[in-house]
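Can you build the whole structure from these sequences, using the hints too?
Here the protein sequences line up with chains A and B, keeping their order.
Numbered by our numbering, the letters in the first sequence go through residues 44 to 314 in order.
Numbered by our numbering, the letters in the second sequence go through residues 44 to 314 in order.
Source of the hints: derived by calculation from the structure; they are not laboratory data.
Note that this is a predicted model, so its numbers are computed, not measured.
Wrong hints could be hidden among the right ones.
The list makes no distinction among identical chains, and a pair is therefore deemed to hold if it is satisfied within one copy or across any two copies.
Here are the simulated lysine-lysine pairs, DSSO-like style, with alpha carbons at most 30 Å apart [as the list claims (entries may be wrong)]:
(1) LYS108 - LYS289
(2) LYS246 - LYS289
(3) LYS246 - LYS257
(4) LYS257 - LYS307
(5) LYS246 - LYS108
(6) LYS108 - LYS307
(7) LYS307 - LYS143
There are 2 protein chains.
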Amino acid sequence: MAGTISRRKDQPHIDSGLSARLAIRAGAHRGPTAGLAPGNVQGNLAILPQALAADFLRFCQLNPKPCPLIGTSAPGDPRVPELGEDLDIRTDLPRYRVWKNGELVAEPEDVREFWRDDLVSFVIGCSFSFEEALAIEGIELRHITHGCNVPMYRTSIATQQAGPFRGPMVVSMRPMTPRDAIRAVQITTRFPSVHGAPVHIGKPELIGIADVNKPDYGDAVPVRDDELPVFWACGVTPQSVIATVKPEFCITHYPGSMLVTDRKNTEFAIL
Amino acid sequence: MAGTISRRKDQPHIDSGLSARLAIRAGAHRGPTAGLAPGNVQGNLAILPQALAADFLRFCQLNPKPCPLIGTSAPGDPRVPELGEDLDIRTDLPRYRVWKNGELVAEPEDVREFWRDDLVSFVIGCSFSFEEALAIEGIELRHITHGCNVPMYRTSIATQQAGPFRGPMVVSMRPMTPRDAIRAVQITTRFPSVHGAPVHIGKPELIGIADVNKPDYGDAVPVRDDELPVFWACGVTPQSVIATVKPEFCITHYPGSMLVTDRKNTEFAIL
Chain A
44 MAGTISRRKD QPHIDSGLSA RLAIRAGAHR GPTAGLAPGN VQGNLAILPQ
94 ALAADFLRFC QLNPKPCPLI GTSAPGDPRV PELGEDLDIR TDLPRYRVWK
144 NGELVAEPED VREFWRDDLV SFVIGCSFSF EEALAIEGIE LRHITHGCNV
194 PMYRTSIATQ QAGPFRGPMV VSMRPMTPRD AIRAVQITTR FPSVHGAPVH
244 IGKPELIGIA DVNKPDYGDA VPVRDDELPV FWACGVTPQS VIATVKPEFC
294 ITHYPGSMLV TDRKNTEFAI L
Chain B
44 MAGTISRRKD QPHIDSGLSA RLAIRAGAHR GPTAGLAPGN VQGNLAILPQ
94 ALAADFLRFC QLNPKPCPLI GTSAPGDPRV PELGEDLDIR TDLPRYRVWK
144 NGELVAEPED VREFWRDDLV SFVIGCSFSF EEALAIEGIE LRHITHGCNV
194 PMYRTSIATQ QAGPFRGPMV VSMRPMTPRD AIRAVQITTR FPSVHGAPVH
244 IGKPELIGIA DVNKPDYGDA VPVRDDELPV FWACGVTPQS VIATVKPEFC
294 ITHYPGSMLV TDRKNTEFAI L
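Printed below as a string of structure tokens:
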């Protein structure tokens, strides 16, 4: 009943991945996917022509912390069976971004008209999964407290190159007391396939971040004197890298409009 | 053969806990136990009159991070069967300290002449166990590099009181790069019964340490600009607490002269 009480009256009851995707496909849900199908994994999306797919796949395998691949499609196939029943990658996200030669050309609500037989879909895990586990343990997530996006930064940490795909790792930052930072290392270590343990703690200048108050993406959040900034590899990394490559054609999710899967966050915990 | 080559020529071959204890008992090994029976757990020793034993046992149970109890004896019994075959707690450490009403009265090589029928032995895990695991992973232990004792500090973190036993937690400090600090949290989390994960990272002033270069016990080690000080609960805590209580009678190990057990460090890893 708790779920029923906390649900907004104008919101349909969407408690499974499939019901979320069907509502989105039918136009009954628009806008951000945050809060849909609580406990289910949501994924970042990148769709690339087959000519680039092998290199991008290898890029993800070489850089599993920023690019934790949780699902891929066969060329031209809009399904990703390992992530959900009756899943159509062309219609099941609320909004997309379509890119040609690195230029944003459209932000449609479905991409059927852009579909090609050579397109390969890549679904990459996102920090929502481990944030759920942190919140359950009572660890404050400052950006959620402030109702804003997590701050993200380009770093001096290089990714491993694969074909044309190369560039700096992007990280997200969550300020925590040292005690919570230690607990957060333990908790996120349990989720190696959705970014895993932090990549850095405490000294942003060592990873090329001049000012934590000036993120490159997302919003700044306050870091108190009794806190350390804790940095995780971020799923914005592959998007940033793809933007650099300027592929002739590419589709990504619109920020905040993720793929809601049938997989549970807890399935991704190794312990 | 590596073990044979690295062994000093004048040192007997001591590769098991039992052979270490028998050599010590026979007077064939004197001085620090570091390096004896590599891979075996070494323990801190506290021997108290039965009148204090229940409170001290509860103190250890309330404060498992600084006081990880790995073995106890029956009153008056010099054996601790769970820690070793043919183990005599009165003769099997190279040197002891005997205390009366908080005063150090003797530093003998065995304590048979001091033995009483009401004495209870407590063996407490030590950081040697997790340091072995850190070293295997290639993490530098600065105090070992410098050939000195680990720096230790009294903190503002209070232990949980049990009877007369109360006082500040003592911590040890190892400087590490942020990357190694994260890895060290993961590794030491695997050893909850020998101090476990760090209790603090990065901001010594928050736990009452005014100057990391001025430890209360052990030796100062340099902390580089690209490093964080990482703090673990330390087995000196129970000794410090016992010293405050000034029991009418008490025996502890002489610093560096530990109990070499038959248990393997790896047995204490939970994963």
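Hints, one by one, checked against the model:
| no. | hint | in the structure |
| --- | --- | --- |
| 1 | LYS108 - LYS289 | within (23 Å within a copy, 53 Å between copies) |
| 2 | LYS246 - LYS289 | neither (33 Å within a copy, 43 Å between copies) |
| 3 | LYS246 - LYS257 | both (15 Å within a copy, 23 Å between copies) |
| 4 | LYS257 - LYS307 | neither (34 Å within a copy, 49 Å between copies) |
| 5 | LYS246 - LYS108 | both (19 Å within a copy, 27 Å between copies) |
| 6 | LYS108 - LYS307 | within (19 Å within a copy, 33 Å between copies) |
| 7 | LYS307 - LYS143 | neither (34 Å within a copy, 61 Å between copies) |
The structure fails hints 2, 4 and 7 (numbered hints given earlier, in ascending order).
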